[in-house]
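K.L.:
All chains should be modelled from the sequences, with the hints used to inform the complete structure.
Here's the letter readout for the chains.
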Amino acid sequence: MALPAQKQTATEALLSSLHLPEAGCTRAAREAALARLREMGVPGRRDEYWKYTRPDSLITPDAPRAATFEAGEPMMFDAVDRLKIVFVDGVFDPEASDPLELEGVQIERIEDICCKDIHWAKDLYGVLEARGHTPVPRPLAALNTAFAADGVAIHVTGTPSKPISLIYQHASETSDAILHHVIRVESGAVVTVLENGPAASRFNKCMEIDIADGGTLHHVRAQGRDHERRAVTHMFTRLGEGSVYKSFTLTVNGVLTRNEQVVELTGDDAVAHVAGACVGDGDFLHDDTVFITHDAVGCESRQVFKKVLRNGATGVFQGKILVKPGAQKTDGYQISQSLLLDDDSQFLAKPELEIYADDVACSHGSTSGAIDETALFYLRSRGVPLKEATDLLTLAFLAEAVDEVEDKSLAEDIVSRLEGWLARRS
Amino acid sequence: MLEIKNLHVKLEEEDKQILKGVDLTVEAGKVHAIMGPNGSGKSTLSYVLSGRDGYEVTEGSAQLEGVDLLEMEPEERAAAGLFLAFQYPVEIPGVGNMTFLRTALNAQRKARGEEELSAADFLKEVRAKAKTLKIDADMLKRPVNVGFSGGEKKRNEILQMAMLEPKMCILDETDSGLDVDAMKLVAEGVNALRDAGRGFLVITHYQRLLDHIKPDVVHIMADGRIIKTGGPELALEVENNGYADILAEVN
Ligand SMILES: Nc1ncnc2c1ncn2[C@@H]1O[C@H](COP(=O)(O)OP(=O)(O)OP(=O)(O)O)[C@@H](O)[C@H]1O
Ligand SMILES: [Mg+2]
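The listed protein sequences derive, respectively, from chains C and Z. Per UniProt numbering, the very first residue in the first sequence carries number 1; after that it's consecutive. Per UniProt numbering, the very first residue in the second sequence carries number 1; after that it's consecutive.
The set of hints was computed from the structure by calculation and includes no laboratory data. Be aware that one or more of the hints could be misleading.
[Claimed, not checked] DSSO-like, lysine-lysine: derived pairs with alpha carbons at most 30 Å apart:
1. Z/K167 <-> C/K387
2. Z/K20 <-> Z/K214
3. C/K387 <-> Z/K153
4. C/K122 <-> C/K324
5. Z/K141 <-> Z/K153
6. Z/K228 <-> Z/K5
7. Z/K167 <-> Z/K134
8. C/K408 <-> Z/K124
9. C/K246 <-> Z/K141
10. Z/K124 <-> C/K387
11. C/K387 <-> Z/K110
12. Z/K167 <-> Z/K124
13. Z/K214 <-> Z/K134
14. C/K387 <-> Z/K129
15. C/K84 <-> C/K51
16. Z/K131 <-> Z/K30
17. Z/K10 <-> C/K387
18. Z/K134 <-> Z/K153
19. Z/K141 <-> C/K408
20. Z/K141 <-> C/K387
[Said to hold, decoys possible] Derived DEER-like restraints, expressed as beta-carbon distance ranges:
21. Z/G39 <-> C/G312: 40 to 48 Å
22. Z/D15 <-> C/D343: 21 to 29 Å
23. C/H19 <-> Z/R142: 54 to 62 Å
All C-beta atoms, glycine included, are put in the ideal place defined by N, C-alpha and C.
P.N.:
Below is the structure:
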């Protein structure tokens, strides 16, 4: 079917500024992704899936200018013993990175795998992304597969002694970065992947994760204080039998952040938890769009999203649990909540359940509210000053999401970031 | 200690007068009890004294050790030494009981220019006091009042009072929901705090509590006023005859 003229024009305008990398072995995947993109067209305001979030600034041929960000304080995860992989404006920086060597894992740049005829990553690059367009297209992920300039392929065969940390740095005010990572976790292997740092003026990141039977991947991500951030990220995850995927994202401010998670539970008794804590103070928007498909028996999924919004910030949550026929004994839980600290902020939520099996337990809830005045008075009556009491209740509100982070020291790091953020507000 | 004069209070949202001229003075070292029919304004008085929103003082004054309470924020009143044990203690999911207690204690100390209590000293103190109230370690770790039984919540209020060591303690129906043994524990907790420098205002419906916490003065409140003041015998009279006689006598 032909695209509407407007979409066609916007798509071609964006494509005119992009070039397919020559890259040998991903070439076919890239060409296929480009064809998919042409068929879907770039997202537009009229698209149901973009009802709450305007995609405009994500699809302009040039990235909007954004000031580079000086942290001025230790970055998230600085204190963690980890293997650092640094990307500056979306390009791997070998000087700043650690040697890509760690027991139990093989790490290569996407462009290096291209010269090899047989490589596991060839069966993953663009594959999960391609599966992730039904029933809703995710054109910016197809765009990513086609045009990604860099990224790593991480093959986890054992249990590495420390987390693999993807660190993004923003150096040019006009950078438009597209990164694509693929991760395969083999049977019984366990790995933690961290991501943080302002990546570029505009950032499109895609990660495809394939977890074999009994494998475990923990993902903890921080999207920090780069207030001019415009980012769209996709995580496509496929889980085998008895495997575990736990992902948590901390998002602070940012002009526009759209984080999509597409999770397929394809093996029995697999577990997927996707959580996020967002705080926004100002004219910012964060959008968490999650799609979890139960396609096996006895799987558990949890979505826990908490957003604290003030001064005109907008929070969006679109979350779906799809239980396919035969996915009996599914345990699906979804909660999305916002704490609105004033009347200028808004939370737009679309929780959805679609169930085609009869023996399932699924629940979802979405709420939006102000701070609990009764609790606030109780705290104050015990001598806790208003600001401190409000902060305490705000952290308590976010706690259910932060509790999803299993590693207690990482969770503490996240809490201290949130405390810092709260302390900076008056 | 606490001096309330001609206090008139209406609801902020509606044109409803609840306190219609309360006069009450609690001296340091004394225990005063307030009894009175449901809806007479006892809880309202305690909320207005501790600074809850939603009420408007239209006339009168309330002072703690000569300082105007009504001008202060709730946290300032607490730091000045006022404590209210709530009739309905509030649940705060996500905030641990220990964190709550320590934050409160240190905030008050800070406001008074005192040094914060170290984590170790705090822990030692809270454990000892919890033990006398039969509050187990698990309850201390749980979020404030979440999943606590009615009686556990009330004991938790007394634990907070014991930790914060206020000068003026208002207990709003702390006995309701308590079994006989818990009532004794709570009374012991209160009696342990009785000293020459501290005043108590105990709101209750029952003589039972007053058997354990012997009041010096008993007030009867009705329709927003203190209508009668007497000694402990007044509570017994209420217990035996209800309020009808007293109300008739006044009218
Ligand atoms: N926020 C409010 N909105 C409406 N009415 C209120 C409010 N607060 C108090 N009232 C009313 O004021 C009156 C006094 O209430 P209060 O809770 O002070 O009574 P009380 O003496 O503590 O009663 P009880 O013995 O039942 O605890 C009641 O009629 C009550 O309904
Ligand atoms: Mg009452």
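K.L.:
None of the hints should be skipped; say for each whether it holds.
P.N.:
Checked hints:
1. With a C-alpha separation of about 25 Å, the suggested pairing of Z/K167 with C/K387 holds against the 30 Å cut-off.
2. Straight-line distance between C-alpha atoms of Z/K20 and Z/K214 comes to about 28 Å, which keeps the hinted pair within the 30 Å bound.
3. Between the alpha carbons of C/K387 and Z/K153 the distance comes to roughly 25 Å, so the proposed pair stays at or under 30 Å and holds.
4. Note on C/K122 and C/K324: the hinted pairing holds, with a Cα-Cα distance of about 28 Å set against a maximum of 30 Å.
5. Straight-line distance between C-alpha atoms of Z/K141 and Z/K153 comes to about 14 Å, which keeps the hinted pair within the 30 Å bound.
6. Taken as a hint, the Z/K228 and Z/K5 pair is honoured in the structure, with Cα atoms around 15 Å apart against an allowance of 30 Å.
7. Proximity of Z/K167 to Z/K134 is assessed by CA-CA distance (about 24 Å); at most 30 Å being required, the pair is judged to hold.
8. A threshold of 30 Å between alpha carbons decides the hint, and for C/K408 with Z/K124 the separation of about 25 Å falls inside it, so the pair holds.
9. For the hint pairing C/K246 with Z/K141, the CA-to-CA distance comes to about 26 Å; that is within 30 Å, so the pair holds.
10. With a CA separation close to 28 Å, the supplied pair Z/K124 and C/K387 stays within the 30 Å bound.
11. A distance of roughly 15 Å separates the Cα atoms of C/K387 and Z/K110; the hinted pair therefore holds under the 30 Å criterion.
12. Between Z/K167 and Z/K124 the CA atoms are separated by roughly 22 Å; this keeps the pair inside 30 Å, and the hint holds.
13. Simply put, Z/K214 and Z/K134 have alpha-carbon atoms about 22 Å apart, close enough for the 30 Å limit, and the pair holds.
14. Restraint check: the Cα-Cα separation between C/K387 and Z/K129 comes to about 29 Å, which is no more than 30 Å; the hinted pair holds.
15. Only pairs whose Cα atoms come within 30 Å are accepted, and C/K84 paired with C/K51 is rejected, the gap being roughly 37 Å.
16. A hinted pair counts as satisfied when its Cα atoms are at most 30 Å apart, and Z/K131 with Z/K30 qualifies at roughly 26 Å.
17. Taken as a hint, the Z/K10 and C/K387 pair is honoured in the structure, with Cα atoms around 28 Å apart against an allowance of 30 Å.
18. A C-alpha spacing of about 12 Å is found between Z/K134 and Z/K153, which places the hinted pair at or below 30 Å, so the restraint holds.
19. Between Z/K141 and C/K408, the direct Cα distance comes to roughly 17 Å. Compliance with the 30 Å bound is thereby established for this hinted pair.
20. Proposed proximity of Z/K141 and C/K387 is supported: the alpha carbons are some 24 Å apart, at most 30 Å.
21. Between Z/G39 and C/G312 the C-beta distance comes to about 43 Å, which sits within the given range of 40 to 48 Å.
22. For Z/D15 paired with C/D343, a C-beta distance near 26 Å keeps the hint of 21 to 29 Å intact.
23. At roughly 59 Å, the beta-carbon separation of C/H19 and Z/R142 lies within the given 54 to 62 Å, and the hint holds.
Checked against the numbered hints above, the structure violates only hint 15.
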